[in-house]
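Note that the protein sequences, when read in sequence, are chains A and B. First residue of the first sequence? That's -1 in our numbering, and the numbers climb one at a time after it. First residue of the second sequence? That's -1 in our numbering, and the numbers climb one at a time after it.
Quick caveat, the hints were computed from the structure, so don't treat them as lab data. Some clues are possibly wrong.
Same chains, same label: a pair holds when it works inside one copy or across any pair of copies.
[Said to hold, decoys possible] Computed cross-link-like contacts, DSSO-like style, restricted to lysine-lysine with a CA-CA straight-line distance of at most 27 Å:
(1) Lys288 - Lys222
(2) Lys2 - Lys183
(3) Lys76 - Lys183
(4) Lys391 - Lys182
(5) Lys76 - Lys288
(6) Lys242 - Lys113
(7) Lys144 - Lys66
(8) Lys23 - Lys182
(9) Lys23 - Lys144
Number of protein chains: 2
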Amino acid sequence: MAEKPRIVIVGAGFGGMKLAELLAKEDVSVTIIDRHNFTLFQPLLYQVSTSMLSTDEIAYPIRAAFRKYPNVELFMAKAQGVDQERKVVLTNHGEVPYDYVVLAAGATTNFFGMKNLEEHCFAMKSLQEALHIRNHVLHMFERAEKHQDDEEMRRRMLTFVIVGGGPTGIEEAGAIVELIGIQKKELHNLDFSEVSVKLIEATPHVLPMMAENLREYAVNVLKKKGVDVMLSTQVVDYDGDNLKLKDGTVIPTRTVIWAAGVKAVPFIANCGGEVDRAGRIIVEENLLAKGSDSLFAIGDCASFCHGTERPLPTVAPVATQGAEVAYRNIMKKIRGDENLESFHYVDHGAMATIGRGEAVVNKTSLNPQLTGFIAWCAWMFVHLARLTSTHTKLTVAIKWGWNLLSGIRLGRIITNIKLGEE
Amino acid sequence: MAEKPRIVIVGAGFGGMKLAELLAKEDVSVTIIDRHNFTLFQPLLYQVSTSMLSTDEIAYPIRAAFRKYPNVELFMAKAQGVDQERKVVLTNHGEVPYDYVVLAAGATTNFFGMKNLEEHCFAMKSLQEALHIRNHVLHMFERAEKHQDDEEMRRRMLTFVIVGGGPTGIEEAGAIVELIGIQKKELHNLDFSEVSVKLIEATPHVLPMMAENLREYAVNVLKKKGVDVMLSTQVVDYDGDNLKLKDGTVIPTRTVIWAAGVKAVPFIANCGGEVDRAGRIIVEENLLAKGSDSLFAIGDCASFCHGTERPLPTVAPVATQGAEVAYRNIMKKIRGDENLESFHYVDHGAMATIGRGEAVVNKTSLNPQLTGFIAWCAWMFVHLARLTSTHTKLTVAIKWGWNLLSGIRLGRIITNIKLGEE
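If we strip away everything but chain A, and leave its shape as in the complex, we get (with noise of 0.2 Å):
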């Protein structure tokens, strides 16, 4: 009996799952590795760090997934690398060898190499760093509130700086904004005039994907729900105390979100292919690295760069799109069939929300551009239809309701505090 041909996923993303999702109905053995047990729906990463959503309504259990399909095997481990010749991926829990390997191993936050930005500052790409941002946001109200007789304390523990002016930038300091605006109501003794969150944007606008007048609405709303929009405005230093910006400002403060920039993770440059600036591998137009026969990459640890002038936006819909021709190529090569497919991205258009009830829509096949109320109805109902479970569905959609009615938010518990060390 000749063994099933053995096809490994580095990553259990919108990629990697869609890939193994397409594979586990045809007679090959799947094996996906991952430092986790769950796939993550990124997205809405921004509603843990603020106490909207619990932490397992954002994380599914990959084998959860494949429960029906033996041929599909999770292997967590940590990837790091990839040998090529020898056709084993190389993982901190030893080798995993394959007959087609698809790198969907994603991102992670690029400091840009600047260090003490990237030693004091949170990132948020992983559920540990949502839920990390969510403990210290939570933790500065309760300890400003000790500071009475030091108002330079109180104002560097209650100003709130978000770099980056995406939609993750942009989500989460309209879900900040928000959070604060619970907090006001309960924490009776602090004045609230001394709480500030500022979103600071390197270029002149706000989500480079929309259209100008959607740019402009968004930084209206922004403002209008109290934060201070900066454009044109550039980091140079942090030391967990001083934001220090290119001006010669400083902004005391206590807490700086990172959210303005994106590379691949780092094992990529390990896996025996040319790698972009963003430390993204250069793939062909059938998804497989340049130069290999078995190595493919999806999403966003893929640099594709055909008949676009930059590689292809770090979103879900890229990794989702790549992971069907991804797919269709390995059946072909399996079979023999050398005449590949090209990978060509459809752009269905872009969304962020801004807070409770905001949002701004472009380009989507049902409207040109959506704002307010009914682009927030419509990004609620596609992120519903995207989450894993029907269970979570409803759980989520019972949240986002009562939020919408009551403006409560019940996940604001500190967790994994230590009090003794502060």
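Add chain B to chain A, keeping to what the hints say.
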């Protein structure tokens, strides 16, 4: 203007929260001191540890309960003692002055001085401890699957021991067995005959507060579900790999959950009162600490021995009923009335679940005994009714209903793993 009487409550458990809610409506100033910013629904902690519920569902922000009462404040800090002379509570964030103080600080795990057990066992009294158990248990399955050629190691990783046959131990054992049933459907390469769950109890009986027939019923249900129930068995040592029993037996296991005893939190000994063997402060019938006229104690940290041979049990109703008496006695003292009320605990019965659809209920006002599905429904109803918010009642009810129908547990996500350090 005379200042309002200052009442400090140490601990935001069932007793502390109840007391604060009663005092909130009076013309007094209330400060709650707690290490956490949430009140924990401890009876459901085992459901967090076994991936059924999310942390947010059993933890409720303290401040949210007193939104409408600016006379109630949270002081998030670790209590370290009480100076009765100077009438201040000592904390790691400084002193908090009081006119009346109520110790409602609850209990912690009691290892009865066995250092090795304390170091290597899992306790389950805090939210972090429950999450720690969840992460560890799920991780054991992932790791065991990687040891395909080492049966001894696999069995050690797949043996889960719970020590203590009280409600917590019973409920944890039942829930772990069911969790294993779910894992079985998803870990296709693991031989589940190697998995075992053991419940160890030092006395000849489980559930000491229940009638004999209910104890037997519970043991039979556990056995039927696959738990190895070991009665009259004493644990003497554990090094993280091998659990040693008094009769010399060694159980190779990586997981020992200790639910065999509680004691008062240690700072209680530093409050200027007399304490019993379990570290609880001895109180008079009026709940004032022996010899004090301003320090009350209620719940698990109080030793109340009036009209009973042994101190009252460490259960929520003792704390909430105590809170009502403490409330009335404080208000009497404020009014100058020294004719204080005596506390009389009314026992409404006990209940414990043994996994999905099974429970035992003893001595309720409705019916003297219940078992099986009807008992489980009663248990579910009582616990849902006691959860703090309507919103949580709703999401928890959905989870329980969903689990009953489909056996799904979506909380099986491993957070906080340090893969490099395994």
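Status of the hints after comparison with the structure:
Taking identical chains as interchangeable, the C-alpha atoms of Lys288 and Lys222 are never at most 27 Å apart, the minima being 49 Å within one chain and 58 Å between chains. In this assembly of identical chains, the alpha carbons of Lys2 and Lys183 lie at most 27 Å apart only when taken from different copies (22 Å versus 61 Å within one copy). Proximity of Lys76 and Lys183 under a CA criterion of 27 Å is satisfied inter-copy only: 24 Å between copies versus 44 Å inside one chain copy. In this assembly of identical chains, Lys391 and Lys182 lie within 27 Å of each other by CA distance solely across copies; the values are 25 Å between and 30 Å within a copy.
In this assembly of identical chains, Lys76 and Lys288 lie within 27 Å of each other by CA distance solely inside one copy; the values are 24 Å within and 58 Å between copies. For a Cα distance limit of 27 Å, the shortest separation of Lys242 from Lys113 inside one copy, 14 Å, qualifies, whereas the shortest one across copies, 49 Å, does not. Taking CA atoms no more than 27 Å apart as the test, Lys144 paired with Lys66 passes between copies only; the shortest distance there is 21 Å, against 54 Å inside one copy. In this assembly of identical chains, Lys23 and Lys182 lie within 27 Å of each other by CA distance solely across copies; the values are 21 Å between and 52 Å within a copy.
In this assembly of identical chains, Lys23 and Lys144 lie within 27 Å of each other by CA distance solely across copies; the values are 25 Å between and 59 Å within a copy.
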